Amino acid sequence: MKILIVEDAETLRNELQEFLSNYGYEVEAPDDFQNIMQYAMQDDVHLILLDINLPIYDGYYICREIRKNSEVPIIIVTSRDNEMDELMSINLGADDFIAKPYNTQILLARIENVLKRTYAHQQSSILLYKSLKLDLSNGTISYQHQQEELTKNEIKILHCLMKNKGRIVSREEMMEYLWSSDLFIDDNTLSVNVTRLRKKIESIGMINPIETRRGLGYILA
Amino acid sequence: MKLQRYIKERAIFLSMNIFLFVLVAFFLWLINVQAVVMIIVFVCWFGPLLLSYGLEFLKRKNFYDDLLQNLEALDQKYLLPEIIEEPNFLEGQILYDIIKTTDKQMHEHVKKYKDMQAEYRDYIEAWVHEVKTPIASSKLMFENHKNEVTKGIMEELEKIEGYVEQALYYARSSSASKDYMVKEFSLQACISKVLKKNAKAFIHKKIQLQLTEMDDVVYSDEKWIEFILHQIIVNSINYCDNKISLYTRKHEHSLILHIVDDGIGIDEKDIGRVFDKGFTGENGRQYRRSTGMGLYICKLLADKLHLGLTIQSTKGEGTEVQIIFPKSKVVLLES
Chain A
1 MKILIVEDAE TLRNELQEFL SNYGYEVEAP DDFQNIMQYA MQDDVHLILL
51 DINLPIYDGY YICREIRKNS EVPIIIVTSR DNEMDELMSI NLGADDFIAK
101 PYNTQILLAR IENVLKRTYA HQQSSILLYK SLKLDLSNGT ISYQHQQEEL
151 TKNEIKILHC LMKNKGRIVS REEMMEYLWS SDLFIDDNTL SVNVTRLRKK
201 IESIGMINPI ETRRGLGYIL A
Chain B
1 MKLQRYIKER AIFLSMNIFL FVLVAFFLWL INVQAVVMII VFVCWFGPLL
51 LSYGLEFLKR KNFYDDLLQN LEALDQKYLL PEIIEEPNFL EGQILYDIIK
101 TTDKQMHEHV KKYKDMQAEY RDYIEAWVHE VKTPIASSKL MFENHKNEVT
151 KGIMEELEKI EGYVEQALYY ARSSSASKDY MVKEFSLQAC ISKVLKKNAK
201 AFIHKKIQLQ LTEMDDVVYS DEKWIEFILH QIIVNSINYC DNKISLYTRK
251 HEHSLILHIV DDGIGIDEKD IGRVFDKGFT GENGRQYRRS TGMGLYICKL
301 LADKLHLGLT IQSTKGEGTE VQIIFPKSKV VLLES
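Residue numbers (the UniProt record's numbering), protein chains in the order written: chain A, 1 to 221; chain B, 1 to 335.
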């Protein structure tokens with residue numbers, strides 16, 4: 001997935017580029033604002049993060065121009081934070097609006113959401129770990145022809161672990177991920193959910209793959 | 001205007017006249033003038049005098065009584081010069097001119113300060129937006145280079161962000177302009193945003209959150225409500241023991257959002273003043289540095305949006321904040 005960052009503050013642009021790259025996105029961050037439309041019209045851009053206060057053309061103008069001949073998803077990222085700006089952005093065809101300084105988890109969640117909405121049909125909704133399949137579209141796991149339904153919390157927990165294959169995910173990190181998806185659970189609930197998730201995975205015949213590393217977190221091993 | 005006081009002011013002139021008349025009468029009596037003549041002299045002397053005094057008194061009484069009555073009826077007393085009518089006697093006219101001139105000057109003076117405030121407000125707004133970009137960059141730098149040192153910096157950054165936000169909303173709340181936008185939105189979605197913003201604090205302090213499903217829509221400015229909720233929830237996070245719950249109750253004319261924590265509570269002698277500017281109270285002094293601005297700004301914003309904002313607390317048991325959304329759209333939209 002390729003993301004185009006249109007942002008004139010250099011430090012922010014570079015850091016954002018690094019940050020999104022770390023999360024597996026291909027990122028382009030041009031500083032040639034005169035010809036910004038050329039970058040925006042490239043076919044392989046999947047999402048545009050657009051600032052409003054820009055040199056030469058402002059973000060609203062660029063947004064309107066892009067919408068004239070492209071349906072590429074646009075997220076407006078700006079420090080102008082009031083209802084008017086948000087409404088104007090949405091009216092001009094932007095898909096989402098995030099105010100600076102954003103919480104990075106929320107930014108990632110929004111990007112993921114918009115991408116999922118737009119490219120759902122292209123993207124596989126099935127995640128695989130060893131022979132354990134997680135189907136996000138119907139919320140089930142399956143292992144060697146056995147199936148089990150998961151709850152919202154369990155899906156997210158497993159999703160988070162699968163995305164971070166082979167890496168320890170701390171409880172706090174996991175909870176932040178859940179919170180960014182509107183699942184406001186506390187410490188105890190997380191423990192309970194992990195236990196249930198393990199039982200469900202075992203019930204379909206797989207040996208428990210979720211290890212607890214004391215004091216560190218969980219890992220899919 | 002009382003007749004008594006009016007006469008009292010002219011007492012010297014009148015008594016001199018009476019004194020003179022007595023002298024004249026005595027002289028007339030010495031030269032054996034008839035009593036009838038003396039009465040005619042008296043009438044000719046005092047008749048016109050009292051008549052002109054009487055007329056003058058009525059004229060003034062009409063004018064000043066009107067003026068006082070208007071003053072009484074006015075909500076904003078300083079608007080009197082706008083409705084004063086030009087009187088038809090000399091002193092009144094002089095007074096009228098003076099009032100008109102000072103009024104004009106006053107308007108110019110007030111306008112100057114209004115402009116200054118608007119200018120200052122615009123600057124604060126621009127500044128806040130300016131400063132948000134470096135804050136955003138710094139936060140991303142932290143994400144890209146996480147370690148123990150940057151973690152501390154991150155926490156401080158988040159505090160800065162909070163204070164910056166406060167400054168912005170204070171500038172917005174205190175200005176005369178109405179730059180908010182009332183529209184329909186889902187309360188749940190708004191609360192969600194605020195909770196996500198504070199996710200780290202909730203998780204770090206292991207706070208149990210009880211959030212009941214809400215399907216309520218309210219009519220207000222979403223950004224302002226977000227700010228108010230943020231302030232209240234941050235307070236709850238700071239002072240709670242380990243539980244915060246949010247729920248709504250529907251009433252006949254309103255929808256009330258309850259935000260309840262199980263924290264240290266607020267002292268009875270402090271509770272009446274928590275919305276005062278700069279008030280920190282016992283808790284602010286004991287537990288952490290507090291600016292005393294958060295709730296004050298919330299109250300200002302709530303008043304502008306015609307929302308109710310109340311706080312109840314029992315020392316040692318917890319605090320409950322209620323945000324009261326009036327149900328009628330009309331109330332909100334006509335503001």
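Rather than coming from a laboratory, the hints here were simulated on the basis of the structure.
In this text the structure is predicted, and so the values were computed from the model without any measurement.
Take the hints with a grain of salt, since some may be wrong.
To be verified - Heads up, simulated DSS-like pairs for lysine-lysine below, C-alpha to C-alpha not over 25 Å straight-line:
#1 B:Lys-243 to B:Lys-196
#2 A:Lys-163 to B:Lys-77
#3 B:Lys-193 to A:Lys-165
#4 A:Lys-165 to A:Lys-116
#5 B:Lys-193 to A:Lys-152
#6 B:Lys-200 to A:Lys-152
#7 B:Lys-159 to B:Lys-183
The hints, checked one at a time:
no., hint, result
1, B:Lys-243 to B:Lys-196, "17 Å, holds"
2, A:Lys-163 to B:Lys-77, "69 Å, violated"
3, B:Lys-193 to A:Lys-165, "29 Å, violated"
4, A:Lys-165 to A:Lys-116, "21 Å, holds"
5, B:Lys-193 to A:Lys-152, "19 Å, holds"
6, B:Lys-200 to A:Lys-152, "21 Å, holds"
7, B:Lys-159 to B:Lys-183, "30 Å, violated"
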